[in-house]
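For chain A, the structure is supplied; the task is to place chain B on it using the hints.
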Amino acid sequence: MAGRIVVVTSGKGGVGKTTTVANLGTTLAKKKYNVVLIDTDIGLRNLDVVMGLENRIVYNLVDIIEGNCRKEQAMIRDRKLSNLCMIPAAQTREKNSITEEQMKALCVELSSEFDYVIIDCPAGIEQGFKNAIAGADTAVVVTTPEVSAIRDADRVIGLLEAALVKKINLIINRLNARMVKKGDMMSTEDIIALLSVPLLGVVPESEDVVVSTNRGVPLVHDRSSKAGAAFRSMAARLNGESIPLDGDSQGLFGRMKRFIWN
Amino acid sequence: MLGILRRIWGDGASGQVARKRMQFVLMHDRIDITPDVMEAVKNDIIQVLSRYMEIEGGSVKVDLEQGKDFMALISNVQVKRVFRNSKNSD
Numbered sequence: 076m077a078g079r080i081v082v083v084t085s086g087k088g089g090v091g092k093t094t095t096v097a098n099l100g101t102t103l104a105k106k107k108y109n110v111v112l113i114d115t116d117i118g119l120r121n122l123d124v125v126m127g128l129e130n131r132i133v134y135n136l137v138d139i140i141e142g143n144c145r146k147e148q149a150m151i152r153d154r155k156l157s158n159l160c161m162i163p164a165a166q167t168r169e170k171n172s173i174t175e176e177q178m179k180a181l182c183v184e185l186s187s188e189f190d191y192v193i194i195d196c197p198a199g200i201e202q203g204f205k206n207a208i209a210g211a212d213t214a215v216v217v218t219t220p221e222v223s224a225i226r227d228a229d230r231v232i233g234l235l236e237a238a239l240v241k242k243i244n245l246i247i248n249r250l251n252a253r254m255v256k257k258g259d260m261m262s263t264e265d266i267i268a269l270l271s272v273p274l275l276g277v278v279p280e281s282e283d284v285v286v287s288t289n290r291g292v293p294l295v296h297d298r299s300s301k302a303g304a305a306f307r308s309m310a311a312r313l314n315g316e317s318i319p320l321d322g323d324s325q326g327l328f329g330r331m332k333r334f335i336w337n
Numbered sequence: 024m025l026g027i028l029r030r031i032w033g034d035g036a037s038g039q040v041a042r043k044r045m046q047f048v049l050m051h052d053r054i055d056i057t058p059d060v061m062e063a064v065k066n067d068i069i070q071v072l073s074r075y076m077e078i079e080g081g082s083v084k085v086d087l088e089q090g091k092d093f094m095a096l097i098s099n100v101q102v103k104r105v106f107r108n109s110k111n112s113d
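Listed in order, the protein sequences are those of chains A and B.
Quick note, the numbering used here runs 75 ahead of the 1-based positions in the first sequence.
Quick note, the numbering used here runs 23 ahead of the 1-based positions in the second sequence.
These aren't lab readings, by the way, just hints derived from the structure by calculation.
We put the CB at the ideal spot given by N, CA and C, even for glycine.
Treat the hints with care, since some could be wrong.
Unchecked claim - The calculated label-pair distances, taken between Cβ atoms and stated as ranges, are: (1) A:A268 x B:D67: 25 to 33 Å; (2) A:V133 x B:N66: 58 to 66 Å; (3) A:E221 x B:M94: 20 to 28 Å; (4) A:L234 x B:M61: 17 to 25 Å.
What the hints assert, rightly or not - Sample of chain B residues at the chain A side, in silico, Cβ under 7 Å: (5) G38; (6) M45; (7) L96.
What the hints assert, rightly or not - Below 35 Å or equal to it, Euclidean Cα-Cα: the simulated DSBU-like pairs (lysine-lysine) are: (8) A:K87 x B:K43; (9) A:K87 x A:K105; (10) A:K155 x A:K256; (11) B:K43 x B:K84; (12) A:K257 x A:K155; (13) B:K43 x A:K301; (14) B:K43 x A:K205; (15) B:K43 x A:K257; (16) B:K65 x A:K241; (17) A:K241 x B:K43; (18) A:K179 x A:K106; (19) A:K155 x A:K87; (20) B:K103 x A:K205; (21) A:K205 x A:K107; (22) A:K242 x B:K65; (23) A:K256 x B:K43; (24) A:K205 x A:K179; (25) A:K301 x A:K107; (26) B:K103 x A:K242.
Next comes chain A alone, as it looks inside the complex:
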């Protein structure tokens, strides 16, 4: 059975696409699925540093497509999980050095070998975006509770629908529960009502994210991090497991419930 091809996108830059890719991928690999992550942000690659694999890069995505290497040569295996690997983007090339058809063909090929192909999409809605979504059957749209990110997410959702991507899910990143309570941040409900896309999960704003990217170790390895827990439940939901959304809640009750269930 062919694996799923998931693109993580947002429109706006800096909302946490790469962090999301690293954490969803790592969680699914920990669940024993074979996972490959593809960084399609040609010229501005970052997934390698977030995953802590920057020192091992020899070949990249453009090398595979141009036939300079076999695709196995460009795949970098994770340091901890042998069933997780990553294809880095080219750093010194341009976004239009690959086409939508080439990308689609690669995704289909990889989906016959892997359970999950997760694509890190560049910011923007130009060629790089079109390449990234070309082969995807599922899209995960990442936004933060800010007006600029939400507006761009809405635009991207429109483009994904026009490109006939079947499943579109939303992740709200960096939600500050204290500010929502004060009324100074749009709530999860507000954002869902605006974008009308099914919610995959909410990631609380957390310093842990910076620490984990500093170290190059995805956050989901850290059992004590709330943001890490949020990413773990989102990966499980993406995998079709039914985990109630309020399980991520900040309250004492939510935490107790999580403590009991885990």
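Okay, now just chain B, sitting in the frame of chain A:
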């Protein structure tokens, strides 16, 4: 402190301000209709109205207008004559 004062003056919490602004902005972004679609809307309006009245086809105008916190579709149609019996019976 500034926030408290603002709330007393009825400015509302900024989260709700953002929500209302986004409702409007997204509606505006989404309705960014191409001239082709606008033409199709116009033709459909003419077709429906023609069942009930004779209209001056060339005079029909359809525009989207932006109010302070709403958006309206405004159409001006010149009516020549209204039919006594609606042609809609078929």
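Each hint, compared with the structure:
Checked against the hint of 25 to 33 Å, the pair A268 (chain A) and D67 (chain B) passes, with Cβ atoms roughly 29 Å apart. At about 60 Å, the CB distance of V133 (chain A) to N66 (chain B) agrees with the hint of 58 to 66 Å. The beta-carbon spacing between E221 (chain A) and M94 (chain B), approximately 23 Å, falls within the hinted interval of 20 to 28 Å. Range check, L234 (chain A) to M61 (chain B): about 21 Å between beta-carbon atoms, so the 17 to 25 Å window is met.
Because the beta carbon of G38 (chain B) sits about 5 Å from the nearest beta carbon in chain A, less than 7 Å, this interface hint is met. Taken as an interface hint, M45 (chain B) checks out: its beta carbon lies about 5 Å from the nearest beta carbon of chain A, inside 7 Å. Interface hint at L96 (chain B): violated, since its Cβ lies 20 Å from the closest Cβ of chain A, which is beyond the 7 Å cut-off. The suggested pairing of K87 (chain A) with K43 (chain B) holds, with an alpha-carbon distance near 21 Å, which does not exceed 35 Å.
Only pairs whose Cα atoms come within 35 Å are accepted, and K87 (chain A) paired with K105 (chain A) is accepted, the gap being roughly 29 Å. Between K155 (chain A) and K256 (chain A), the direct Cα distance comes to roughly 39 Å. Violation of the 35 Å bound is thereby established for this hinted pair. Straight-line distance between C-alpha atoms of K43 (chain B) and K84 (chain B) comes to about 30 Å, which keeps the hinted pair within the 35 Å bound. A distance of roughly 41 Å separates the Cα atoms of K257 (chain A) and K155 (chain A); the hinted pair therefore is violated under the 35 Å criterion.
Taking the CA atoms of K43 (chain B) and K301 (chain A), the gap is about 30 Å. The hint holds against a cut of 35 Å. This hinted pair checks out: K43 (chain B) and K205 (chain A) have alpha carbons roughly 31 Å apart, not beyond 35 Å. For the hint pairing K43 (chain B) with K257 (chain A), the CA-to-CA distance comes to about 17 Å; that is within 35 Å, so the pair holds. Between the alpha carbons of K65 (chain B) and K241 (chain A) the distance comes to roughly 32 Å, so the proposed pair stays at or under 35 Å and holds.
A hinted pair counts as satisfied when its Cα atoms are at most 35 Å apart, and K241 (chain A) with K43 (chain B) qualifies at roughly 29 Å. Between K179 (chain A) and K106 (chain A) the CA atoms are separated by roughly 26 Å; this keeps the pair inside 35 Å, and the hint holds. Simply put, K155 (chain A) and K87 (chain A) have alpha-carbon atoms about 31 Å apart, close enough for the 35 Å limit, and the pair holds. Pair hint K103 (chain B) plus K205 (chain A) does not hold up; C-alpha atoms about 50 Å apart against a cutoff of 35 Å.
With a C-alpha separation of about 30 Å, the suggested pairing of K205 (chain A) with K107 (chain A) holds against the 35 Å cut-off. The straight-line distance between the Cα atoms of K242 (chain A) and K65 (chain B) is roughly 33 Å, inside the 35 Å bound, and the hint therefore holds. Of the supplied pair hints, the one linking K256 (chain A) and K43 (chain B) holds, its CA atoms being roughly 18 Å apart against a limit of 35 Å. A distance of roughly 10 Å separates the Cα atoms of K205 (chain A) and K179 (chain A); the hinted pair therefore holds under the 35 Å criterion.
At most 35 Å may separate the alpha-carbon atoms for a hinted pair to count; K301 (chain A) and K107 (chain A) meet this at roughly 22 Å. Distance hint between K103 (chain B) and K242 (chain A) is unfulfilled; the C-alpha atoms sit about 50 Å from each other, more than 35 Å.
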